[in-house]
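K.L.:
This is what each chain is made of:
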Amino acid sequence: MYAIELIMTVLLAAAATIILLEVIYTSRIIAAERRQQLLADRSIGCHSSLGWVGCSVICHRATDVAQIENLLRTEYDRYEVIAIIDAEVYGELFSEIVSRYRLLELDRPKHQSETDAKIRRLYRSGQRRYRHLVLLDIQQNVEMYDAMNCALEVTSYNYVIPIKGGYYLRQHAIESIAILLSDDSEQNIELLESLGNPSCQIFRYDTVIARGGFSPNLPDKITPRNTIYTYETYICKSRERQSPKPSIIKVSVQLGLIVAIGLAATLIAREGDIFGIGISSGSEPAINTEAAKYILIICAIATIAITLRAIATYQIVASGTAKCAVRSMLCYFRRLTAFFLRRKFIVS
Amino acid sequence: MKSVIIYSTQNAIGVLVEAMISGSDANFETFQAGSTRELLSMARVLRPRLIILLDIVPLLDGCDIVARLHEIESNGRGRLSRSRATIYVITWQQSEHTVLSLLESGIDQYLTFPICIERLRHKVSQQMTSNTLRQ
Amino acid sequence: MNISGIIYIYIIVSLLIAAAYSIATILALHARRKKQHSKQLSNSYLQQIIAMQGREGEVNARSTSERMALAQALHSIMSYTYSTPTENTKTIARNNRLEELILNKLRHANNEEKARLLNILSSIPISAHATDIISKYLHSANRHIRIAAIIATIAASPTKAIRTIADLPFSLKPYDTSRIIALLRRGLLPIAYEPLLMSDNHNLLMLGIAITHNFGIDIADKHLHNIILRQPNRQIVREAIYTLATLGRPLGRHHIREQLAAMSPNIRRELCHHLSCEGYSLSALSVIFSESEIIHAEPLINSYKRSLICTQSN
Numbered sequence: 031m032y033a034i035e036l037i038m039t040v041l042l043a044a045a046a047t048i049i050l051l052e053v054i055y056t057s058r059i060i061a062a063e064r065r066q067q068l069l070a071d072r073s074i075g076c077h078s079s080l081g082w083v084g085c086s087v088i089c090h091r092a093t094d095v096a097q098i099e100n101l102l103r104t105e106y107d108r109y110e111v112i113a114i115i116d117a118e119v120y121g122e123l124f125s126e127i128v129s130r131y132r133l134l135e136l137d138r139p140k141h142q143s144e145t146d147a148k149i150r151r152l153y154r155s156g157q158r159r160y161r162h163l164v165l166l167d168i169q170q171n172v173e174m175y176d177a178m179n180c181a182l183e184v185t186s187y188n189y190v191i192p193i194k195g196g197y198y199l200r201q202h203a204i205e206s207i208a209i210l211l212s213d214d215s216e217q218n219i220e221l222l223e224s225l226g227n228p229s230c231q232i233f234r235y236d237t238v239i240a241r242g243g244f245s246p247n248l249p250d251k252i253t254p255r256n257t258i259y260t261y262e263t264y265i266c267k268s269r270e271r272q273s274p275k276p277s278i279i280k281v282s283v284q285l286g287l288i289v290a291i292g293l294a295a296t297l298i299a300r301e302g303d304i305f306g307i308g309i310s311s312g313s314e315p316a317i318n319t320e321a322a323k324y325i326l327i328i329c330a331i332a333t334i335a336i337t338l339r340a341i342a343t344y345q346i347v348a349s350g351t352a353k354c355a356v357r358s359m360l361c362y363f364r365r366l367t368a369f370f371l372r373r374k375f376i377v378s
Numbered sequence: 025m026k027s028v029i030i031y032s033t034q035n036a037i038g039v040l041v042e043a044m045i046s047g048s049d050a051n052f053e054t055f056q057a058g059s060t061r062e063l064l065s066m067a068r069v070l071r072p073r074l075i076i077l078l079d080i081v082p083l084l085d086g087c088d089i090v091a092r093l094h095e096i097e098s099n100g101r102g103r104l105s106r107s108r109a110t111i112y113v114i115t116w117q118q119s120e121h122t123v124l125s126l127l128e129s130g131i132d133q134y135l136t137f138p139i140c141i142e143r144l145r146h147k148v149s150q151q152m153t154s155n156t157l158r159q
Numbered sequence: 010m011n012i013s014g015i016i017y018i019y020i021i022v023s024l025l026i027a028a029a030y031s032i033a034t035i036l037a038l039h040a041r042r043k044k045q046h047s048k049q050l051s052n053s054y055l056q057q058i059i060a061m062q063g064r065e066g067e068v069n070a071r072s073t074s075e076r077m078a079l080a081q082a083l084h085s086i087m088s089y090t091y092s093t094p095t096e097n098t099k100t101i102a103r104n105n106r107l108e109e110l111i112l113n114k115l116r117h118a119n120n121e122e123k124a125r126l127l128n129i130l131s132s133i134p135i136s137a138h139a140t141d142i143i144s145k146y147l148h149s150a151n152r153h154i155r156i157a158a159i160i161a162t163i164a165a166s167p168t169k170a171i172r173t174i175a176d177l178p179f180s181l182k183p184y185d186t187s188r189i190i191a192l193l194r195r196g197l198l199p200i201a202y203e204p205l206l207m208s209d210n211h212n213l214l215m216l217g218i219a220i221t222h223n224f225g226i227d228i229a230d231k232h233l234h235n236i237i238l239r240q241p242n243r244q245i246v247r248e249a250i251y252t253l254a255t256l257g258r259p260l261g262r263h264h265i266r267e268q269l270a271a272m273s274p275n276i277r278r279e280l281c282h283h284l285s286c287e288g289y290s291l292s293a294l295s296v297i298f299s300e301s302e303i304i305h306a307e308p309l310i311n312s313y314k315r316s317l318i319c320t321q322s323n
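Heads up: the protein sequence lines correspond to chains A, B and C, in order.
Note that the numbering used here has the first sequence beginning at 31, numbered continuously upward.
Note that the numbering used here has the second sequence beginning at 25, numbered continuously upward.
Note that the numbering used here has the third sequence beginning at 10, numbered continuously upward.
Don't read these hints as lab results, they were simulated from the structure.
Being a predicted model, the structure only gives us computed values, none of them experimental.
Treat each hint with caution, since some may be false.
[What the hints assert, rightly or not] Distance condition first, Cα-Cα at most 20 angstroms in a straight line; then the derived SDA-like pairs of lysine to any residue:
| no. | chain 1 | residue 1 | chain 2 | residue 2 |
| --- | --- | --- | --- | --- |
| 1 | C | Lys48 | A | Arg64 |
| 2 | C | Lys44 | A | Lys148 |
| 3 | C | Lys48 | B | Thr33 |
| 4 | C | Lys48 | A | Leu69 |
| 5 | C | Lys44 | A | Pro276 |
| 6 | A | Lys148 | A | Asp167 |
| 7 | A | Lys280 | C | Leu36 |
| 8 | C | Lys44 | A | Ser277 |
Make a model of the complete structure from these sequences and hints.
P.N.:
The structure is reproduced here in structure tokens:
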């Protein structure tokens, strides 16, 4: 019994902490989303070359042409997409990209480094309108971080955004990033980390080079003073783009359920006399106190689920992005543990 | 009746341009498309005389919207029909690279925001009443 | 208190939070529907105002939401067009008391809403009283409100634009200058670029360089060279060099090479790529950069040359 009570106490404390964190981070994500929307609305005519900030997206193992199309879907001028594909393994996709974007194989200078030697071929487009796309054919069995380091050899701009196949840029993501980075006139920002989506990290090119290239421990090597955290979301997974919006009826049903659980818990508490004050003078509780306790535990578990769900639903409606509150909470825990454990760079 | 399709991802701007080019003496109908898929299916059905693009991204992301529009007009037979739609682009971008990129894509006319209502109206009206068919 | 009591209290508090969020979700969904309706209303006002161009007519809105939609419609028209007759705009704004409406809403709005309302104010004719109210927001801690206030102030008093920008207590960021340029493109500001390029004021200098770049003013190159020669501020020098590159001017002069030599390898590499894309030849680049720096530029330049040859042969 004591063990159950202890477990319940710990569970409730953890749940309360999670809910509190989710409340805080949901409000921050929604505020960031509104700011981003404001920038997007007011950015007419302001998309070219903000402070000469340039972004290079390094996309490792693009899954399909739709992803390449999405990555090129920006009007920002100083921008490029470096797609890394192994032509021998993904030959069909490779050929499709080459023909669609009229890519030409370029003569490259002799290998400058060991990393450079892993690049089989390099393609750029002969057409001006596709000049933002670079395609790298990398040798087989090159690890992701090494492949990204190969891409660094041909990067042109001062900020690098590594992403994986199956991930898409949100609308106006590049413009938002450029506005944020261009505010720093001294270009001291070495790392821009999006807490809305914890896997999104934007590195300064020479920072990555100075610290030996991409590696799982890269964020650890960067001074926290030169790191900016933002709650704006720049990246989403392909399936998240189509997240359905909840209807008023579903939310009303949810509200009804909340009221029902509240009433049930109150009834159980009263009938089970859990506060020991008696239902009426001298009478016995209608429900055994122990049984009432177990029913309340079940109600508590249901409450945790419904509360998290209610907060996430609000976040979806208010910001239009699914699951970011949960991810940012996980990122917060990661940041807390960073004091004790080393931070990891994981590409999303 | 002759038709004009306006493509814009922002509905308000599409409505604004539609209002600019329409008038009591307009001898054409205007339609709005909010996505490239919608634009292509409308073009297939309506065979418009003029298409106005308010967003240049479909021209730069590899979807090659102009070539696909021309393909619709040629009915897939490899030859252009007698009347090919004229494609105008209106955008905020005005750098040389962007202009050359857009012309390279095959558009016919490039205009920038902010735009003069009278000039646009006159231009579109001329285009729609022109007796010369594009080859 | 026993554990059951604690569980019960936890349940009630959590359910209250969940209920609050559910109600907030319902309100947000309702607000979204209202916003849709407001957008439709705004579109309808757009059509009415455009149809009125060059003719006498009235556009009237009664309720607060209708007046807001009308203000939004006016703002869209003024943002995307130029040479629109101002008489109609003044009449509409006056008859529907749009200035009063927006100033009232400004008082109680949150930060993002304040910035949005100030942006709308930049498109409707406002009185001197409103300009005084807006000037308070020039010192806001929120940068979006600050820049929206700058735009609204400049739009309201275009003749005082230079003084307003020069007197700002903070440095304009690139996004801020691009917003001011957007106003210029609407033909609202009677600003000449030369005095800006000769100014010692940081904000005016940055604006002058941005104007030169945005409008492709080739003849401003001598001013840009002076800036590169004399300016101690690295950021301004970098802006001037990039602008010269965008104008396609030669960059081989001694003072430019000196300034470039003092820049970081990262910036030099970026500039090299920028010059390649701008159409500079390898020989022009080899004057400015070392062989190791232009080694990656050569394939890029060659790829563009190839495209040109293919086009010509067709």
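K.L.:
If a hint holds in the structure, say so; if it doesn't, say that too.
P.N.:
Hint check:
Between Lys48/C and Arg64/A, the direct Cα distance comes to roughly 18 angstroms. Compliance with the 20 angstroms bound is thereby established for this hinted pair. Restraint check for Lys44/C and Lys148/A: the C-alpha separation of about 53 angstroms exceeds 20 angstroms, so the hint is violated. Between the alpha carbons of Lys48/C and Thr33/B the distance comes to roughly 14 angstroms, so the proposed pair stays at or under 20 angstroms and holds. Distance hint between Lys48/C and Leu69/A is fulfilled; the C-alpha atoms sit about 19 angstroms from each other, no more than 20 angstroms.
A distance of roughly 17 angstroms separates the Cα atoms of Lys44/C and Pro276/A; the hinted pair therefore holds under the 20 angstroms criterion. As the CA atoms of Lys148/A and Asp167/A are separated by approximately 9 angstroms, the hinted pair is consistent with the 20 angstroms bound. For the hint linking Lys280/A to Leu36/C, the alpha-carbon distance of about 13 angstroms falls within 20 angstroms, and the restraint holds. Pair hint Lys44/C plus Ser277/A holds up; C-alpha atoms about 16 angstroms apart against a cutoff of 20 angstroms.
Comparing the model with each numbered hint stated earlier shows that hint 2 is the single one that does not hold.
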